[in-house]
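Visitor: Below are the chains, spelled out letter by letter.
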Amino acid sequence: MRLGSTGRFLVSAAALVIAASGCAGGTQQTASKSGGTLVYAVPFSVASLDPHRENEDTTSIMIGQVYDTLVHVDPDVPTKLDPGLATSWDANSDNTVFTFHLRTNAGFSNGNPVTADDVKFSLDRLWNLQASPSFIMQGVKSVDVVDPHTVRLTTAASDGALLDKMSFTMTAIIDSKTAQAQGATSDAQAATTDKAEAYFNAVHTLGSGPFMLSLYSPNDQFVLVRNPHYWGSKTGVDKVIIKDIPDSTTERQLLERGDIQIAGAIDYATAQQLANESGIKIGYAHSLNLIYLFMTGSPQVSAPLSNKLVHQAISHAIDFQSILKLASGHAQQPPTTIPLGLLGADTVSPPKHDVNLAKQLMAQAGYGNGFEVPFTYANEVKYNIDCNLLAQILQANLAQIGIKLDLKPVTEDEFFAKFRSRQDPIGFSFWTPDYVDPDDYTGPFWDSDVNFLTHRLQWHNPDVDALYPKSLSTTGQERIQVYKQLQELFQQDPVMIGLIQPDYVLAYRDKVHGFKLVWELRMHDFSPVTLS
Amino acid sequence: MTAFILRRLLLVIPLGIGVTLVAFLITDTIPADPILTLLGDKTATENPSAVALYRHQWGFDQPLPIRYVIYLEHLAHGDMGNSIVTRRPVLQDVRDFWPATAELAIFAVAFAVLVGVPLGVIAAVHHGRLADNVARFVALSGSSIPVFWLALVAIQIFYVQLQVAPSIGRLDIDLDPPRTITGLYTVDSLLTGNWTDFGNALAHLALPAMVLGANVMGLVSRMVRDSLLRTLNSDFVRTARSKGLSERRVVYVHALRNALIPTVTVVGLVFAQLMSGAVLTETTFAWPGLGRYLAKAAMGLDFSAIVSVTLLVAFIFIAVNLVVDVGYALLDPRIRYS
Amino acid sequence: MAAVSGAFRPTYLRWSAASPLMRFAKRNPTAATGAAVLIVWAVIALTVPLWTPADPLAQDLDIRLLGPSGQHVFGTDLLGRDVLVRVLWGSRLSLPTALVVIAASVLFGGSFGMISGYVGGRLDEAMMRIADITLAFPSIILAMAIAAALGPSLRNAMLAMTAVWWPEFARVMRGQVLAVKEYPHVEAARVLGAGHWRIITRHILPETFSPLLVKSTLDFGNVILLAAGLSFLGLGAVPPAPEWGAMVSEARTTFTQWWIGAFPGLAIVTVVLSANFLGDGLRDNLDPRMRKQ
Numbered sequence: 001m002r003l004g005s006t007g008r009f010l011v012s013a014a015a016l017v018i019a020a021s022g023c024a025g026g027t028q029q030t031a032s033k034s035g036g037t038l039v040y041a042v043p044f045s046v047a048s049l050d051p052h053r054e055n056e057d058t059t060s061i062m063i064g065q066v067y068d069t070l071v072h073v074d075p076d077v078p079t080k081l082d083p084g085l086a087t088s089w090d091a092n093s094d095n096t097v098f099t100f101h102l103r104t105n106a107g108f109s110n111g112n113p114v115t116a117d118d119v120k121f122s123l124d125r126l127w128n129l130q131a132s133p134s135f136i137m138q139g140v141k142s143v144d145v146v147d148p149h150t151v152r153l154t155t156a157a158s159d160g161a162l163l164d165k166m167s168f169t170m171t172a173i174i175d176s177k178t179a180q181a182q183g184a185t186s187d188a189q190a191a192t193t194d195k196a197e198a199y200f201n202a203v204h205t206l207g208s209g210p211f212m213l214s215l216y217s218p219n220d221q222f223v224l225v226r227n228p229h230y231w232g233s234k235t236g237v238d239k240v241i242i243k244d245i246p247d248s249t250t251e252r253q254l255l256e257r258g259d260i261q262i263a264g265a266i267d268y269a270t271a272q273q274l275a276n277e278s279g280i281k282i283g284y285a286h287s288l289n290l291i292y293l294f295m296t297g298s299p300q301v302s303a304p305l306s307n308k309l310v311h312q313a314i315s316h317a318i319d320f321q322s323i324l325k326l327a328s329g330h331a332q333q334p335p336t337t338i339p340l341g342l343l344g345a346d347t348v349s350p351p352k353h354d355v356n357l358a359k360q361l362m363a364q365a366g367y368g369n370g371f372e373v374p375f376t377y378a379n380e381v382k383y384n385i386d387c388n389l390l391a392q393i394l395q396a397n398l399a400q401i402g403i404k405l406d407l408k409p410v411t412e413d414e415f416f417a418k419f420r421s422r423q424d425p426i427g428f429s430f431w432t433p434d435y436v437d438p439d440d441y442t443g444p445f446w447d448s449d450v451n452f453l454t455h456r457l458q459w460h461n462p463d464v465d466a467l468y469p470k471s472l473s474t475t476g477q478e479r480i481q482v483y484k485q486l487q488e489l490f491q492q493d494p495v496m497i498g499l500i501q502p503d504y505v506l507a508y509r510d511k512v513h514g515f516k517l518v519w520e521l522r523m524h525d526f527s528p529v530t531l532s
Numbered sequence: 001m002t003a004f005i006l007r008r009l010l011l012v013i014p015l016g017i018g019v020t021l022v023a024f025l026i027t028d029t030i031p032a033d034p035i036l037t038l039l040g041d042k043t044a045t046e047n048p049s050a051v052a053l054y055r056h057q058w059g060f061d062q063p064l065p066i067r068y069v070i071y072l073e074h075l076a077h078g079d080m081g082n083s084i085v086t087r088r089p090v091l092q093d094v095r096d097f098w099p100a101t102a103e104l105a106i107f108a109v110a111f112a113v114l115v116g117v118p119l120g121v122i123a124a125v126h127h128g129r130l131a132d133n134v135a136r137f138v139a140l141s142g143s144s145i146p147v148f149w150l151a152l153v154a155i156q157i158f159y160v161q162l163q164v165a166p167s168i169g170r171l172d173i174d175l176d177p178p179r180t181i182t183g184l185y186t187v188d189s190l191l192t193g194n195w196t197d198f199g200n201a202l203a204h205l206a207l208p209a210m211v212l213g214a215n216v217m218g219l220v221s222r223m224v225r226d227s228l229l230r231t232l233n234s235d236f237v238r239t240a241r242s243k244g245l246s247e248r249r250v251v252y253v254h255a256l257r258n259a260l261i262p263t264v265t266v267v268g269l270v271f272a273q274l275m276s277g278a279v280l281t282e283t284t285f286a287w288p289g290l291g292r293y294l295a296k297a298a299m300g301l302d303f304s305a306i307v308s309v310t311l312l313v314a315f316i317f318i319a320v321n322l323v324v325d326v327g328y329a330l331l332d333p334r335i336r337y338s
Numbered sequence: 001m002a003a004v005s006g007a008f009r010p011t012y013l014r015w016s017a018a019s020p021l022m023r024f025a026k027r028n029p030t031a032a033t034g035a036a037v038l039i040v041w042a043v044i045a046l047t048v049p050l051w052t053p054a055d056p057l058a059q060d061l062d063i064r065l066l067g068p069s070g071q072h073v074f075g076t077d078l079l080g081r082d083v084l085v086r087v088l089w090g091s092r093l094s095l096p097t098a099l100v101v102i103a104a105s106v107l108f109g110g111s112f113g114m115i116s117g118y119v120g121g122r123l124d125e126a127m128m129r130i131a132d133i134t135l136a137f138p139s140i141i142l143a144m145a146i147a148a149a150l151g152p153s154l155r156n157a158m159l160a161m162t163a164v165w166w167p168e169f170a171r172v173m174r175g176q177v178l179a180v181k182e183y184p185h186v187e188a189a190r191v192l193g194a195g196h197w198r199i200i201t202r203h204i205l206p207e208t209f210s211p212l213l214v215k216s217t218l219d220f221g222n223v224i225l226l227a228a229g230l231s232f233l234g235l236g237a238v239p240p241a242p243e244w245g246a247m248v249s250e251a252r253t254t255f256t257q258w259w260i261g262a263f264p265g266l267a268i269v270t271v272v273l274s275a276n277f278l279g280d281g282l283r284d285n286l287d288p289r290m291r292k293q
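Chains as they are written, first to last, in the working numbering: chain A, 1 to 532; chain B, 1 to 338; chain C, 1 to 293.
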């Protein structure tokens, strides 16, 4: 992954503004007794319980409570990093050598102390397992133990994002002694020799976080209990249950009765109704989650859809406002594929909704009579948006300019198989940021050297390619100008169109205090929560 | 009779192979790649060597016939393979989920029988009159609504509005399950003297069992009505009547006994179907059973799980059919199997 | 029906003496009601394009999720479409789907059962085991595979449903064939040298009509419910088709906007109940053992 060379996360504060309609974010600890059980409901997306093999949403929430990372992102000031297992850190002038000083009183839930060896083992294992979360360690040349409480990371190239990366849940530090006794390995052959996954999946956690996992029932629930050896302050509640509730209606029913205290997957319409009920509060937060339309750049895949004029026509035919209504207004529309809130995103305007212009462009391209094309999409609810509804809106929009979309709902796996096959003419996909910088939405999207989506869509824009390196080498105002130009160049052939940036929404009982509403799942923190 | 049973049992092996083979072939037609989900889009795209490595670990790099043979080989040793969705042995998953489905199926069938049989009797005895129509209407109403809708309505009415039913799931959210002996919470809690869990489990079973039971009750009730009507119009009943026996005795002692025999078949069939997991009911009630497990396996292209659960379900079906047929023969002295 | 005094006899009662249909309706009011409801739906399904009040696909996100009102008698759905119009048009999808699946199952399952029952012996056992396996196979796997291999569409969903349903008819057909095979007139025909084809078509097949008709009617409702279940799993009709099962399952997330799911659900209930009552009535009258003596 290419990273900003100066790499500061210039996330404007507006990005993570917590909407004022009753947020838990700012609530201070009231005179509430600690203890009790917090039940948090969310549709499960869980595969493995091994933190170095897992990148699924729900597991990340659990791992974040049970394991500790070197640093944490400050929930109130997202550009700031708080101490985790590391009390202090420093980087050399060109951001290639990072030294972390570990705290001396941290212990795993089984009593073993946390040392630099554990850090090295964990990070090496994360990289060498080559599983879904390994990419976060890309570019790290070596992890070295300087002394029992000091670790040094060296990167191959200048990496300003490295400090932030060490806050991600997959960099969880595990107890290397117990892990190795259970067959875990961290060397270069780890992908073949490591045998510890079964141990993790049998509900053993080797973490130093505020909670421990005491029960896991697949497709059902995680039960977390307080970790008696935790170095930090005692958790507010005794138990946290993360329960698998697959749909919004059931979550709502449970929340109304009070059998769950936090509902993590309420849809927007339901949230609006719940806001009027006593005892229930709703919180919204702008997110950087993106749903974007893509089209192919290859005439072999689809002659009409690879046409630049058709791309422009479609960008003017889409009624973005009606798409935003799917979120009942709690969403943003990014002008291109860079979500609003990231540096430079708001320097251009989104495509204007103009059906007549779109029709003219279609005629210009030679498709005045329109054409028909299959439209494969994942039959899921993503970021609280029902993809079936989104697909139907796009179908209606494009029908106005003569493009007939044959909707084909499939499972998420099947959709990604088709998307990766490079033969998909048109569809929409999703992106959650790996790190908080506009480069995560330009490099993999537009640049031919990174060649992620450009490869998949068989599309290149040489003007964009030429200007792209400047977005990494500049900073501040200059960088913002580069992004303005990049977006303008991109909009000349909009092969990808940002459709919606849905807000994160949470419904909870008002007896819940201390839960900071943040959209990034890795920042969910149940330890300060108390129930009144 | 013994020869009959033996013959049926002998068929089990070839049937099992047939079922697993078909399941394997069918799953293979689905154009998705479970390794991609395992590794995530990013790693899968950027790291082809990792893809190759994990393909090899999970055995996906072998041609289909070899994978099938390997699966059978493991199966012969009692190993159902590993689930790529839950990353645990399929056998363990089945052990965890099957009792939930079994318990729900038992209570649902009990409800369907306890309510459906009397309704069917009323309908038959009052054939053609108002009571017949009302009884049939009641029995059929549950079977005429999509079951997931019925479930949501039932939850809304009994749980949210009237507040008489507990929340979804097998137990209250922060209650610990009883010590595992059979896996059926009601049985286990009784055996271990855990009265809190017993009452709680029963309460949680009530709504899903009623919904599922109401959904299959129509079938049971109809079978009772039909066979009772036939019996009531038959010669031997006419003889009994002409002998001067009271109508009550005729109906409830003689006719009903005969009519119940084909009902047993239907009940068995229904039970077998419910054992394969009522996906829709389990999903709506967040019931961690086999149906939900199979649905997730199907979505995630989990070969081992799909094939193993299909096999299990087929076996249950065959077993129940055999029991029903044998029971039929035992109940009806006119039937003899050779 | 009210007693009628001797002198005055309205026309319809005079008809009732003559028409077996009217006699049937008199003796089985529920079955007649069921038949009437089905006929009404059939008429709607056939004619709605001629008189439809609005376009079932017309979206208007400004009026989404509105309750029943003067302008939208059944309210609007998640995309602002009129629910009443969609329910009416849905009959053109749900009803023919069930018909096709039943017809195909009768054809395939019936032929299968006929051969199995008529030939008997080892072939019969083998064929019945195949039917058993098909019945035991979880339908979701079958439906998913077909949808995945052939693409998601209502047509492929029909294929999947037929694949699941045919064994039922095979069983019924086989049972009937086994019984009829022993009838005296069939025996006689065989003795007189009639060929298999003649025996099947002239003697056996006619005896199978009633049980197949009864079962088809009774199963009609169940197939509609099966289609709804498939839609719940995303394997049924493809959006934006206003298929009733798909509409009910779409309403899962917006339960408090009850009209979105309740009205298509009601449509399903009326059809299924009607089919059930009609089927019961047919069986009561066609099965000789059921008739009141």
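One thing to keep in mind: the hints can contain errors.
20 angstroms max Cα-Cα, derived EDC-like pairs, lysine to aspartate or glutamate [what the hints assert, rightly or not]:
1. A:Lys-177 x A:Asp-187
2. B:Lys-296 x A:Glu-56
3. B:Lys-296 x A:Glu-412
4. A:Lys-418 x B:Asp-176
5. A:Lys-382 x B:Asp-41
Derived CB-CB ranges, DEER-like [unchecked claim]:
6. B:Asp-174 x A:Asp-57: 54 to 64 angstroms
7. C:Ala-58 x A:Asp-82: 36 to 46 angstroms
8. A:Asp-57 x B:Ile-17: 15 to 25 angstroms
9. A:Lys-234 x C:Ala-58: 32 to 42 angstroms
10. C:Trp-258 x B:Ile-17: 41 to 51 angstroms
These are computed hints drawn from the structure, not numbers from a lab.
Just so it is clear, CB atoms sit at the ideal spot from N, CA and C, and this is done for glycine as well.
Visitor: Look at each hint and say if it fits the structure.
Guide: Here's how the hints hold up against the structure:
1. With a C-alpha separation of about 15 angstroms, the suggested pairing of A:Lys-177 with A:Asp-187 holds against the 20 angstroms cut-off.
2. Distance check on the hinted pair: B:Lys-296 and A:Glu-56 sit about 15 angstroms apart at the alpha-carbon level, within 20 angstroms; holds.
3. At roughly 12 angstroms between alpha-carbon atoms, B:Lys-296 and A:Glu-412 fall within 20 angstroms of each other, so this suggested pair holds.
4. A hinted pair counts as satisfied when its Cα atoms are at most 20 angstroms apart, and A:Lys-418 with B:Asp-176 does not qualify at roughly 44 angstroms.
5. With a C-alpha separation of about 16 angstroms, the suggested pair A:Lys-382 and B:Asp-41 falls inside the 20 angstroms cut-off, and the hint holds.
6. Checked against the given bound of 54 to 64 angstroms, the beta carbons of B:Asp-174 and A:Asp-57, roughly 23 angstroms apart, lie outside it.
7. The given range of 36 to 46 angstroms is broken by C:Ala-58 and A:Asp-82, whose C-beta atoms sit roughly 53 angstroms from each other.
8. Between A:Asp-57 and B:Ile-17 the beta carbons are some 40 angstroms apart, a value that contradicts the proposed interval 15 to 25 angstroms.
9. Checked against the hint of 32 to 42 angstroms, the pair A:Lys-234 and C:Ala-58 fails, with Cβ atoms roughly 58 angstroms apart.
10. One distance hint, 41 to 51 angstroms for the beta-carbon pair C:Trp-258 and B:Ile-17, holds here, with the actual separation near 49 angstroms.
Hints 4, 6, 7, 8, 9 from the earlier list are contradicted by this structure; the remaining hints agree with it.
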